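Asks: Those protein sequences? They're chains A and B, same order as listed.
So for the first sequence, the working numbering puts the first residue at 2; every next one is plus one.
So for the second sequence, the working numbering puts the first residue at 32; every next one is plus one.
To be clear, the hints were calculated from the coordinates, so they are not data collected in a lab.
This structure is a prediction, so every number in the text was calculated from the model and none was measured.
Every clue listed holds true.
Listed next, with one range per pair, are the computed distances between beta-carbon atoms: (1) B/ARG331 <-> A/GLY71: 24 to 30 Å; (2) B/ARG229 <-> A/ASP131: 40 to 46 Å; (3) B/ALA308 <-> A/ASP131: 53 to 59 Å; (4) B/VAL316 <-> A/GLY84: 26 to 32 Å; (5) B/ARG229 <-> A/ASP179: 46 to 52 Å.
In silico negatives: residues of chain B with every beta carbon more than 10 Å from chain A: (6) GLY125; (7) LEU134; (8) LEU158; (9) THR168; (10) PRO169; (11) ALA214; (12) VAL225; (13) ARG236; (14) ALA261; (15) ALA288.
Ideal Cβ placement from N, Cα and C applies to all residues, glycine included.
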Amino acid sequence: MHEPDAEIVQFDNVGLRYGTGKEALTDISFTLYPGRFYFLTGASGAGKTSLLKLLYLAQRPSRGLIRMFGTDAITLPRERLPGFRRRLGVVFQDFRLVQHLSAFDNVALPLRVAGVAEREITKPVDEMLDWVGLGDRRQARPATLSGGEQQRVAIARAVIARPDMLVADEPTGNVDPDMALKLLRLFESLNRLGTTVVVATHDVHLIQKVPESLIMRLDKGRMSDPTGALRYPPRRAAPAADTVLSAAGRDAGGGPPLGFAAK
Amino acid sequence: MNPAALFGRSRDGDPGLLPDPRLGSPMPWVIAIVIALTVIAAASGLGLRNAASRASADLNGGVTVQIISAAPAARNQQADAALALLGRTPGVAGAQRVAQDQLDTLLAPWLGTRPGDSIDDLPIPALIDVRLDGAATPDRVKALQDAIAAVAPAARVDAQAAWLTPVFRAIATLQWLAGGLIALLTLATIAAVVLAARNALAGQRETIEIVHMLGGTDAQIARVFQRTAAMEAAAGGTIGLIAGVVAIVVLSQQFSALGSGMVAGAVLGWSDWVLIAAIPLCGVVLAVLTARLTVLSALRRML
Chain A
2 MHEPDAEIVQ FDNVGLRYGT GKEALTDISF TLYPGRFYFL TGASGAGKTS LLKLLYLAQR
62 PSRGLIRMFG TDAITLPRER LPGFRRRLGV VFQDFRLVQH LSAFDNVALP LRVAGVAERE
122 ITKPVDEMLD WVGLGDRRQA RPATLSGGEQ QRVAIARAVI ARPDMLVADE PTGNVDPDMA
182 LKLLRLFESL NRLGTTVVVA THDVHLIQKV PESLIMRLDK GRMSDPTGAL RYPPRRAAPA
242 ADTVLSAAGR DAGGGPPLGF AAK
Chain B
32 MNPAALFGRS RDGDPGLLPD PRLGSPMPWV IAIVIALTVI AAASGLGLRN AASRASADLN
92 GGVTVQIISA APAARNQQAD AALALLGRTP GVAGAQRVAQ DQLDTLLAPW LGTRPGDSID
152 DLPIPALIDV RLDGAATPDR VKALQDAIAA VAPAARVDAQ AAWLTPVFRA IATLQWLAGG
212 LIALLTLATI AAVVLAARNA LAGQRETIEI VHMLGGTDAQ IARVFQRTAA MEAAAGGTIG
272 LIAGVVAIVV LSQQFSALGS GMVAGAVLGW SDWVLIAAIP LCGVVLAVLT ARLTVLSALR
332 RML
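Using the sequences plus the hints, can you model the full thing?
Replies: The structure is reproduced here in structure tokens:
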């Protein structure tokens with residue numbers, strides 16, 4: 002497979018140690034290219050969340066080199082971090098919604114932080130909430146939403162600004178299979194628009210739904226398939242997956258509302 | 032005023048980052064107390080400065096000539112001679128003998144005014160109030176003393192300002208004390224705002240981390256705390272200013288009732304009132320700056 006020249010992320014012998022304990026990640030090396038869809042798999046405790054934290058710049062590595070968007074992310078001055086983070090969309094495993102804000106305001110937050118005018122926020126946020134099935138819960142606070150609803154708000158928040166790279170930690174863990182497919186379609190649509198997608202999941206069925214995806218596997222803090230060459234499952238015929246996803250899309254009443262990105 | 036309305040939702044470009052990040056409900060009251068004390072200290076300092084400056088201006092060119100003689104005839108003769116000399120002396124703007132009834136009034140509290148008392152027979156010095164056309168420097172007083180001694184050997188010449196030198200020193204000390212109090216109150220304000228901002232930050236830590244992860248800048252987060260600090264300081268400052276001014280007015284009325292010439296000079300001018308009115312504004316600026324620096328410093332320790 003031909004790889005584009007400019008990598009979006011490059012890890013080189015990265016290690017991560019919390020405090021004085023043993024390394025949570027050891028000798029991690031891989032490259033992510035723009036516009037690709039990656040799954041990160043591994044057993045619980047393999048280090049998936051730690052690796053994602055490095056990817057969304059919530060953690061500095063203990064050693065090694067990380068380049069993101071063509072820049073050394075380790076020596077990146079602190080004042081440049083917000084600019085980098087605005088190019089990322091993150092779905093946290095524990096959602097991390099802002100409790101005092103409504104679902105609408107949570108989804109609008111990345112746009113507001115980026116300085117998007119208020120009049121340009123309402124329509125895309127409403128459309129996104131409709132898409133994830135929360136159109137009637139706009140004003141609900143996170144505490145009043147179910148786990149699945151909170152997860153959908155978190156996903157809507159992560160994709161609303163159409164990031165260059167989406168990093169999702171078990172993004173479909175709390176939703177039913179139909180909604181999981183729908184959300185996956187959202188990620189794929191974003192991916193087709195050029196966003197690099199990295200999804201950490203245990204869910205083999207979810208991986209099967211994206212035949213073009215590349216898989217990175219973590220095992221006890223080490224990357225066992227850094228190039229994604231060991232694909233799992235074997236590539237399926239694209240139409241089959243498309244059929245499933247299209248069906249999910251039809252149920253939702255059309256494609257995801259990703260034409261609003263505020264870059 | 033409902034801070035949640037400002038901070039819970041987007042308004043004027045505020046991204047609605049944090050819930051009502053009140054620095055702590057006692058903050059406006061702490062600020063109010065500090066501002067009230069600062070207003071009183073500043074008013075005291077300014078009043079003392081005005082009193083000293085007015086007294087100094089009044090006494091600056093003032094010289095008192097005392098004819099200290101037990102014999103009334105000699106006393107009067109020397110007093111007349113001294114007056115005549117002073118009338119011819121260059122640099123003397125005016126000279127006037129203090130009338131006997133004025134002396135009696137001055138001495139009455141000590142010597143009594145019962146019917147039948149006569150203080151005319153007492154060997155009280157004759158006093159001549161002299162105004163020079165400039166400051167009564169030691170050299171000029173000495174020259175005057177020498178000149179008068181020729182016609183009035185019992186004369187003693189004193190610069191009036193010299194009598195009040197200890198008073199001026201005390202006033203200067205009190206002014207420094209007022210300045211020191213203001214400095215301490217400023218430090219107290221800073222300390223209170225730092226503590227309150229740190230507490231508020233600790234309470235908002237998780238939300239701040241999320242906002243950071245979404246690309247929020249330290250400045251955006253700090254602005255929310257600055258606005259809260261400004262609002263709380265403005266509320267506290269207004270209360271403090273009102274309380275302080277009420278205290279000043281009551282105190283000034285009570286001091287006016289003393290009828291002391293020096294205290295009467297401790298009047299605040301319009302420029303003083305402008306300065307006093309600016310104290311709450313300074314408090315707001317101080318609180319905002321302190322909150323900003325505290326928050327930015329704490330945020331810098333986060334990734």
